[in-house]
Amino acid sequence: MPDIATNFINLDAITILYLFGVGFVGGLVSGFIGSGGAFVLTPGMMSLGVPGLVAVASNMCHKFPKALVGSMKRFKYGQVDVKLGIVLGISAEAGVLYGATIQERIKATFGDAGSNLYVSVAFVVILATVGGFVLYDAWKTYKSGNSQDEEKAGKLAKWVQSINIPGTMVYFKALDAKVSVLFTIPLGFATGMMAATIAVGGFVGVPAMIYVLGAPSLMASATELVIAFVMGLGGSFKYALSGMVDIRLAMIILAGSLFGIQLGAIGTTYVKPFMIKVVMGVIMVIVLFSRGLMVPVYLAQLELIDTLGEGTVSLLKTASFAIMIFALLLGAFIVLRAMWKGRQAERLQLAAGVVEHGKI
Amino acid sequence: MAQSSSRKKPVAAMIVMGVISIALYATLLLKQDFINGTFAQGGWYAFLPIITAFVFSYFHGSFTGNFWTVLGIEASKKKKEVK
Numbered sequence: 001m002p003d004i005a006t007n008f009i010n011l012d013a014i015t016i017l018y019l020f021g022v023g024f025v026g027g028l029v030s031g032f033i034g035s036g037g038a039f040v041l042t043p044g045m046m047s048l049g050v051p052g053l054v055a056v057a058s059n060m061c062h063k064f065p066k067a068l069v070g071s072m073k074r075f076k077y078g079q080v081d082v083k084l085g086i087v088l089g090i091s092a093e094a095g096v097l098y099g100a101t102i103q104e105r106i107k108a109t110f111g112d113a114g115s116n117l118y119v120s121v122a123f124v125v126i127l128a129t130v131g132g133f134v135l136y137d138a139w140k141t142y143k144s145g146n147s148q149d150e151e152k153a154g155k156l157a158k159w160v161q162s163i164n165i166p167g168t169m170v171y172f173k174a175l176d177a178k179v180s181v182l183f184t185i186p187l188g189f190a191t192g193m194m195a196a197t198i199a200v201g202g203f204v205g206v207p208a209m210i211y212v213l214g215a216p217s218l219m220a221s222a223t224e225l226v227i228a229f230v231m232g233l234g235g236s237f238k239y240a241l242s243g244m245v246d247i248r249l250a251m252i253i254l255a256g257s258l259f260g261i262q263l264g265a266i267g268t269t270y271v272k273p274f275m276i277k278v279v280m281g282v283i284m285v286i287v288l289f290s291r292g293l294m295v296p297v298y299l300a301q302l303e304l305i306d307t308l309g310e311g312t313v314s315l316l317k318t319a320s321f322a323i324m325i326f327a328l329l330l331g332a333f334i335v336l337r338a339m340w341k342g343r344q345a346e347r348l349q350l351a352a353g354v355v356e357h358g359k360i
Numbered sequence: 001m002a003q004s005s006s007r008k009k010p011v012a013a014m015i016v017m018g019v020i021s022i023a024l025y026a027t028l029l030l031k032q033d034f035i036n037g038t039f040a041q042g043g044w045y046a047f048l049p050i051i052t053a054f055v056f057s058y059f060h061g062s063f064t065g066n067f068w069t070v071l072g073i074e075a076s077k078k079k080k081e082v083k
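Taken in order, these protein sequences are the chains called D and B.
So the first sequence is numbered by this note's numbering: it starts at 1 and just counts up by one.
So the second sequence is numbered by this note's numbering: it starts at 1 and just counts up by one.
You may find that some hints are simply not true.
[What the hints assert, rightly or not] Here are the computed lysine to aspartate or glutamate pairs in the DMTMM-like style, where the Cα-Cα straight-line distance is at most 20 Å:
| no. | chain 1 | residue 1 | chain 2 | residue 2 |
| --- | --- | --- | --- | --- |
| 1 | B | K31 | B | E74 |
| 2 | B | K77 | B | D33 |
| 3 | B | K77 | D | D137 |
| 4 | D | K238 | D | E104 |
| 5 | D | K341 | B | D33 |
| 6 | D | K272 | B | E74 |
| 7 | D | K83 | D | E104 |
| 8 | D | K152 | D | D176 |
| 9 | D | K152 | D | D137 |
| 10 | D | K155 | D | D176 |
| 11 | D | K317 | D | D306 |
| 12 | D | K107 | D | E346 |
| 13 | D | K76 | D | D137 |
| 14 | B | K78 | D | E356 |
| 15 | D | K158 | D | D176 |
| 16 | D | K76 | D | E104 |
| 17 | B | K78 | D | D137 |
| 18 | D | K83 | D | D12 |
| 19 | D | K76 | B | D33 |
| 20 | B | K31 | D | D12 |
| 21 | D | K317 | D | D137 |
| 22 | D | K272 | D | E346 |
| 23 | B | K77 | D | D176 |
| 24 | D | K272 | D | D137 |
These aren't lab readings, by the way, just hints derived from the structure by calculation.
Model the full structure from these sequences, guided by the hints.
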């Protein structure tokens, strides 16, 4: 009880508007690619003076209701595989708990700088490999001129779907195939671990569903919202048990993000599926640079390299945060632009249909 | 040009949900000291933020959904199903 005052900041109008705005943009991107926003929200709250743990907890407590609303909306569009979401979500929950334990252990052994370095390196490695691949794949689809075509499962996914391990096979609608849960469990676990480490499990979960299991992009990004709901609900409760959730922060962010997630979900019905990969890949690769900039700061704090001047540290921190915000805004811009173009095209088609009909 | 807006727009539902949503947020901010003091006690009190999140998501979620519909921003009529 006595540390409640130190845990929870005072809210003024500017802070409320800032949280609402970031919530909206984060929600817009999440509604479209299934995740995102958290990587800006958590450091964003910390920059307002919110302690790290309260920022993580409050972010999680806005995430699960947001994911619930988003997944229900996308369910209406036939994009959600609830079974796959729950199966992956439960193993992701285990991954979150394990990831949090690793984080605590690293923090206890190497301190804050060690923990931050671990997070940044995980960010850089995951984003460079997975993000680079997603973007490359989207580029390939765009160049091939087949962006309108139905997405087909890749070689890896076909192999995974061909493995029959009796007693473990489950049919998933998104894949239109049976897959062994021995494949889905580690994927969910890795998604959860990433959520606990870099706050955005979807950067692993969505590509895993697409490339390893063979789900179409739209289904994968929509199903990720179910995973985020399951993970976020469990995580929020865990943090709430120790009184770490600042419900005001969570609900204000939710206020903006529910506007955004509805719009992002609507957007998915207008775009070509490969746009999901474009938005996700672009954000991942830009965020990679943002986190990469922070690596020297943590290395210096751990005395693994020469100490950096205060000016340099402050410059790197500001640049890193600015790049993250840019990543989110660019993602939101691509979503809105693609949606706008899709709507225009549909309107033109409709108008053409009306004219043709009128002639007959 | 009266093509797609022939369906009735959920204006009344949007207003009702919007008013409830505003009332919820007003309560949250006006009573923030009491709410934070109670919710942050941990233990069984952990259910309070979770329940709050569900309640807000229901009312505010319905409001935001209707908000975009009333503005005429709705899902594409062509592609309802993936695949």
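Q) Which of the numbered hints are not met once you compare them with the structure shown? A) 1, 2, 3, 5, 7, 12, 13, 16, 17, 18, 19, 21 and 23
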